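Colleague: Just so you know, the protein sequences line up as chains A and B, in that order.
For the first sequence, numbering that gives the first Met the number 0 assigns the number 0 to the initial residue and increments by one for each residue that follows.
For the second sequence, numbering that gives the first Met the number 0 assigns the number 0 to the initial residue and increments by one for each residue that follows.
Simulated from the structure, these hints should not be mistaken for laboratory data.
Values in this document were obtained by computation on a predicted structure and should not be read as measured data.
Please note that a few of the clues may not be correct.
[Unchecked claim] Below, a list of computed lysine to any residue pairs in the SDA-like style, where the Cα atoms sit at most 25 Å apart:
1) A:275 x B:202
2) B:205 x A:278
3) B:123 x A:278
4) B:275 x A:206
5) A:41 x B:275
6) B:275 x A:203
7) B:275 x A:200
8) A:123 x B:138
9) A:123 x B:41
10) B:123 x A:269
11) B:41 x B:210
12) B:205 x A:134
[To be verified] A few chain B residues facing chain A, derived, Cβ under 8 Å:
13) 156
14) 204
15) 224
16) 231
17) 243
For every residue, glycine included, the Cβ atom is placed at its ideal position computed from N, Cα and C.
Protein chains: 2
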Amino acid sequence: MGQKRILVVGLGLIGGSLAMALQGFEDFEVVGAVRSQTTFDKAEAMGAANRLTFDPAGELPGADVVILCQDPAGIVGFLQEHKDRFKPGCLVLDVCGVKTAVMEAAGCLPESVDFIGCHPMAGKEVSGIANAEGTLFRNTHFIVTPGPRATQEHLALLRRMADHCRFGDVIETTCQRHDEMIAYTSQLMHVIAVSVCDDDELFSCKGFEGGSFRDCTRVAALDPAMWTQLFTLNAPALAKVVAGVEDRLRRYRTAIENGDRETLYAMLSTASTRKKQIDLERARGDDVRPAF
Amino acid sequence: MGQKRILVVGLGLIGGSLAMALQGFEDFEVVGAVRSQTTFDKAEAMGAANRLTFDPAGELPGADVVILCQDPAGIVGFLQEHKDRFKPGCLVLDVCGVKTAVMEAAGCLPESVDFIGCHPMAGKEVSGIANAEGTLFRNTHFIVTPGPRATQEHLALLRRMADHCRFGDVIETTCQRHDEMIAYTSQLMHVIAVSVCDDDELFSCKGFEGGSFRDCTRVAALDPAMWTQLFTLNAPALAKVVAGVEDRLRRYRTAIENGDRETLYAMLSTASTRKKQIDLERARGDDVRPAF
Numbered sequence: 000m001g002q003k004r005i006l007v008v009g010l011g012l013i014g015g016s017l018a019m020a021l022q023g024f025e026d027f028e029v030v031g032a033v034r035s036q037t038t039f040d041k042a043e044a045m046g047a048a049n050r051l052t053f054d055p056a057g058e059l060p061g062a063d064v065v066i067l068c069q070d071p072a073g074i075v076g077f078l079q080e081h082k083d084r085f086k087p088g089c090l091v092l093d094v095c096g097v098k099t100a101v102m103e104a105a106g107c108l109p110e111s112v113d114f115i116g117c118h119p120m121a122g123k124e125v126s127g128i129a130n131a132e133g134t135l136f137r138n139t140h141f142i143v144t145p146g147p148r149a150t151q152e153h154l155a156l157l158r159r160m161a162d163h164c165r166f167g168d169v170i171e172t173t174c175q176r177h178d179e180m181i182a183y184t185s186q187l188m189h190v191i192a193v194s195v196c197d198d199d200e201l202f203s204c205k206g207f208e209g210g211s212f213r214d215c216t217r218v219a220a221l222d223p224a225m226w227t228q229l230f231t232l233n234a235p236a237l238a239k240v241v242a243g244v245e246d247r248l249r250r251y252r253t254a255i256e257n258g259d260r261e262t263l264y265a266m267l268s269t270a271s272t273r274k275k276q277i278d279l280e281r282a283r284g285d286d287v288r289p290a291f
Numbered sequence: 000m001g002q003k004r005i006l007v008v009g010l011g012l013i014g015g016s017l018a019m020a021l022q023g024f025e026d027f028e029v030v031g032a033v034r035s036q037t038t039f040d041k042a043e044a045m046g047a048a049n050r051l052t053f054d055p056a057g058e059l060p061g062a063d064v065v066i067l068c069q070d071p072a073g074i075v076g077f078l079q080e081h082k083d084r085f086k087p088g089c090l091v092l093d094v095c096g097v098k099t100a101v102m103e104a105a106g107c108l109p110e111s112v113d114f115i116g117c118h119p120m121a122g123k124e125v126s127g128i129a130n131a132e133g134t135l136f137r138n139t140h141f142i143v144t145p146g147p148r149a150t151q152e153h154l155a156l157l158r159r160m161a162d163h164c165r166f167g168d169v170i171e172t173t174c175q176r177h178d179e180m181i182a183y184t185s186q187l188m189h190v191i192a193v194s195v196c197d198d199d200e201l202f203s204c205k206g207f208e209g210g211s212f213r214d215c216t217r218v219a220a221l222d223p224a225m226w227t228q229l230f231t232l233n234a235p236a237l238a239k240v241v242a243g244v245e246d247r248l249r250r251y252r253t254a255i256e257n258g259d260r261e262t263l264y265a266m267l268s269t270a271s272t273r274k275k276q277i278d279l280e281r282a283r284g285d286d287v288r289p290a291f
């Protein structure tokens, strides 16, 4: 019996960082699959994986764990094209930001293949292997959405991998609930950031930004193709939370326009108290949920 | 001729930090005026000023520089109540986040008193003297809105004070333009942060926040009384930028609901490019405008 093998498909920011973080995990060899010579050269120079390949399909029969790190359309396409090449009994993961669409696509896999949707809640404003680092996941949340067929052995293996990458916690949920929550906690923040940057004032206000502006707009420098996919693959949940924030902005604006200090004070008090409460709960560590 | 004197009225986060940062400035004594025994004791223990007093009015005839660090209503009230007690030829400053309303209130001062509106673009999510620190202003923007009567001597003195506090730059503008810009770069971020925190999902999503959520909502734990004042004193400019972001959120939502990937991609590309461009300009240091 040879060495066990993890195949990371796609060495961008997340895939590259995972390949780096997973090196030295138990007795696994980490193989990184790339598409371009540029990425190959950069990954090789960085020592991003134990071995690099241009042929992920050829590696599938020998891979005990496969981690799909393409964009959502790339993951769905890869699953459909290669569904019969996976090693029986292997564990297949993905790392993209929407889970229902990916879990549905994984329904095409044979019964002997175990798929667990994953979403490492880590990132940067910049993409690509050049920005990858093995420490990217430290103290971040790792959300997993196991399907009904997920085995205890695979869940335990996944948890050991998460520990090795130094994730702060592992949170198990359903793909539907993941997508609802991520619409609010992540996708909405991106819609807000780009909406703020679309203002005519952006360039004329340069030099007048404080920390709040830099923080709110930090994620606006996003990858348009990737986020077009993420937004449209989670359209109902995202549209709902965007409509909610539109409604609340309108209510604040109305109170401001009317000079209605009483209503404004009441609204600001409620929101500020909610924020302080959740900050307190976070400081107490209540948000580190039990891992599976 | 005795020692020159700076009187800081109100030792909260900003006033306390300024009093600390200004100690050792040329041959000035820094006097801090407080209202409560609690603040007095804390300020004394921290060495926040060279001397502390409960009687700002009594200090006015001997103060060469007066820095009003109350909330906007407190500043306006102080100017009206004590307008005839200021030392002729003195320089009066304020540090609050709206400038037109304060500059108008300063119109009640005698001609011999020079008022320059100031807005240090620094802050924290927490308030009060306990959170003050002399390093708060390092590398932040210092916006000043001199009135027509401001003398070159006072502008030069203000600049030397800003240097001593280690501000990153001093930006001179009109109070009207300040209020328009601050509506967009600061107040809007606070309206957005509270609007996000008002969502029913806030507590159920705990543990699912990434950096973008924490960054966008950081400033939501605001002081409701202070921000009610700031928002209503800048109502027209603020309502305009809130309406603008509502409109753009609605356009993103419509494209998402319609699954209109082409429009969505075009919108995201434009916003992302704008953000990258302004980040680049900032990295080049173009935003450090010439000081007066």
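Colleague: Please list, smallest to largest, the hint numbers that this structure does not respect.
Modeller: 9, 11, 13
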